[in-house]
Amino acid sequence: MLAASTTPAAEGRIGGLAAELPSLRLVHQRCCLCGVEDAEPVAVGEDFEYRTSRDSFVAMRCRRCGLIYLNPRPAASEFDRIYPPAYHAFDFSPESFGLAHRARSRLEARRLLAYGKHLGPRASIVDVGCGDGFHLALLKQYGQPGWRLAGVDASERAVAAARTRGLDVHLGTVETAPLTPASFDLALLIATVEHVENPLQLMQAAARLLRPGGRVVVVTDNTATLDFRWFGARHWGGYHFPRHWNLFHRPALRRLAELAGLEVVELTTVLSPVNWVYSIRNRLADRGYGRWIIERFSLKAPLALAAFTILDGCFQIFRRGALLKLVAEKPHV
Amino acid sequence: MSSASAPVAVVGAGIAGLTAANFLRRNGVPVVLLEGGKQIAGMASSYVDERGFHYDAGAHFITNRLAAAVGVSSQCRDVAYYGESFLLRGKAYSYPFGLLRVPRFVASALKGKVAGPFARRSVRNAPVGESLRGSHGPDNSRSQGSPSPANGDSRASAGDFAETCPRVPTAADWFRSEFGDALANEVSLPILEAWSGLPADQLSAAVGEKLQNSILRTLYLKLHSRLQGRAISIGYSHEMREGPHVWHVYPERGVSQVCERLLEGLENVIEMESPVEQIIVDGGRVVAIRAAGRVREVAAVVSTVPAPILPKLIAGSDLLEPLRNFTFRGMTFVCLCFEKRGILPDTVLWTAGAGLPFFRLTETPRSMPWLAPAGKTIITCDIGCQPGDETWTLDDETLARRCLDGLASLYPGLHAFYAGSRVLRTPIAYPIYRVDYEPARRRFAGGTGIDGLYSIGRNGEFAHILMEDIYWRTLRKMNELIVRLPRRYACATASLP
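Chains A and B are the protein sequences, given in the same order.
Going by this note's numbering, the first residue of the first sequence is number 13, and it counts up by one from there.
Going by this note's numbering, the first residue of the second sequence is number 513, and it counts up by one from there.
Don't read these hints as lab results, they were simulated from the structure.
Watch out, some of these pointers could steer you wrong.
What the hints assert, rightly or not - Here are the computed distance ranges between Cβ atoms for each label pair:
id: 1; chain 1: A; residue 1: E168; chain 2: B; residue 2: V807; range: 54 to 62 Å
id: 2; chain 1: A; residue 1: W242; chain 2: B; residue 2: E776; range: 35 to 43 Å
id: 3; chain 1: A; residue 1: A88; chain 2: B; residue 2: E779; range: 17 to 25 Å
id: 4; chain 1: B; residue 1: S517; chain 2: A; residue 2: E52; range: 27 to 35 Å
id: 5; chain 1: B; residue 1: S517; chain 2: A; residue 2: P34; range: 37 to 45 Å
id: 6; chain 1: B; residue 1: E992; chain 2: A; residue 2: I329; range: 41 to 49 Å
id: 7; chain 1: B; residue 1: Y732; chain 2: A; residue 2: R63; range: 28 to 36 Å
id: 8; chain 1: A; residue 1: W304; chain 2: B; residue 2: A592; range: 19 to 27 Å
To be verified - Which bits of chain A does chain B cover? Going by a derived footprint, with three or more residues having C-beta under 8 Å, they are:
id: 9; segment: 40-49
id: 10; segment: 65-72
For glycine and all other residues, C-beta sits at the position ideal for the given N, C-alpha and C.
Okay, chain A solo, but in the shape it has when bound (with noise of 0.2 Å):
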């Protein structure tokens, strides 16, 4: 007998409460570097993006490591909730999103450009959680004509966007797409690590499609900056909630590329205002703002955008810039 001592006359009385919103299947997971669950909670927040659930959710920080973890997670098993249809990255348009998408799409060719600097006419690029591909459009329009271009993201509907651009993109994850091993110049891993259940295992997977000497650039958020500090108790942008299920600092990034065998060429910071612009936005819809301020701080607010953009170059200065970047090479041998 395993009864609580709680009454059944109880049932009855939470009726009023909305039930709307079913609970999401949470569970319980370590931090992906030190594979043990020593954490504490550094922050408790909701989706206040999308509002996919009731649910609140911890972040935690690995007292061995630093990395930052959602614990308890979602189950994989509710992807689909936790990206509605209406997600961002599921299709990022210009005629959705307008002037942030033509600013977004110059900075990140000329970021995208730099990281294929060293490769030659006939390399080949792979982009691990493309979303709609977007990154992999601008290579394709920027790029050298001869680089053979793929994409992997496990939403169907990203996919499906990806695809009507013509580009070459899996359905499923790294680990299962009928990629070539030892096959890919470049693997691209841009605002995807912090997104799957285990990072260390995508970063093994990434480096296993490398040539060796080819090279893996992640870009993920950065939580050693002063949006997190000012933010990081609840509401800070890169929590994402309840999607990000992985947050690295430099160190830990740093371990994540040695731990899948990868020797670091270059660590540092690239700017970013997105993370000031939700950590704003996260605030004010948690404290019932109206709509009117709330929507002027969003991908779709280019004066917010701007505004942080010229805040966040000014930390970028300092290699405080909200997303870190890595950049790390399969050894030879």
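With chain A fixed as given, assemble chain B onto it according to the hints.
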């Protein structure tokens, strides 16, 4: 130590035991959970009568952080407001804003701030401070053969526990140095004495440790509470930092819902009605446990047994004998139902020193309206007691009538709205930090001294901790346990990259 299949035995299925068992199990450690009674949830249990009045024996609410960590947040309601007031000379003063309107209390608080550091230094420099470090500190040479740097849940030895010292700083010293004479003598000390049943000069200064927030920080959090319309946690959680983003929530079906969630996945390892009869220690380490007449080999024991009872269960070591002196304060909770709501000026009204039969009143529906039917309320009157004393033996009806009369002396006309009562008694409510066993208590707070024996939870740790503290402290201790287990147990470490 023990065979490869020997599990870790967790004793007691309250929130601490369930947290421990759940954590160990999900981290790949074989575990058996032994519960002496027929029900889980221990002090966290709730009861709802047929009319819809809720009676919580233990914690009335948890925090949004704990709810999220356990995975019950979507089944919780936010608590919009929580406040406490003090009854002084027939008038209620809210905390802290009301008290700050009384000039002599402000002067007292300022005096505490200015003169306090000097006084506190003298309190800290009292002999017990030295007895806890230096020659009486952690002594691994006496750790009875453990290869680990610290001995399980332990950094103590029998000698340390038995140690006494000539003078321990008292609660009276601490409160006067911290808050000044007026606040200490008129507000803090009467509550402390009514709550503990002892004069403040017989209590250790350690009782003040849980009052960690400064007045300024309390004001800051109170302000946030008003702005956000949420009952921000103030002084509830000590293990993890409080802030404007940690507030009180209440699970739909009572706080025992946390325990039900933690029970998930443990159905095959829990054994109900299996009271533990003996914890067998050999060579300074736990080797076996006897429960319901059956002896089994164990890798470790995680106990939630109240600290003074623990030595009675241990065979093969007298290390914990000094714990027998530790005492708990019993409590009688007299719950009075009324056909009216909003009787008290705040959720809690402290009445110590007012010559009433209770020292604290709590009207939970002021914070959580759903705990009573619409327009009605329930007020809990807290009376400190010990088994066998007058309060303990008095019949429920007389006790309820006595409390009702006391309440009506504050709020005339209440008799007309009275709608029945329910009396709950517990012999183990609050650990009493008496000065005479303070050195032993502090040693015990550092560990049991027996390799492989961990004492957790409010009663097991003999500590003033509430549900969230219990949760995080238990996880921390279970991490220590996993690290010290032989590698074959710790699947968590086996998956190290």
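Hints numbered earlier in the text: which of these fail when held up against the supplied structure?
none
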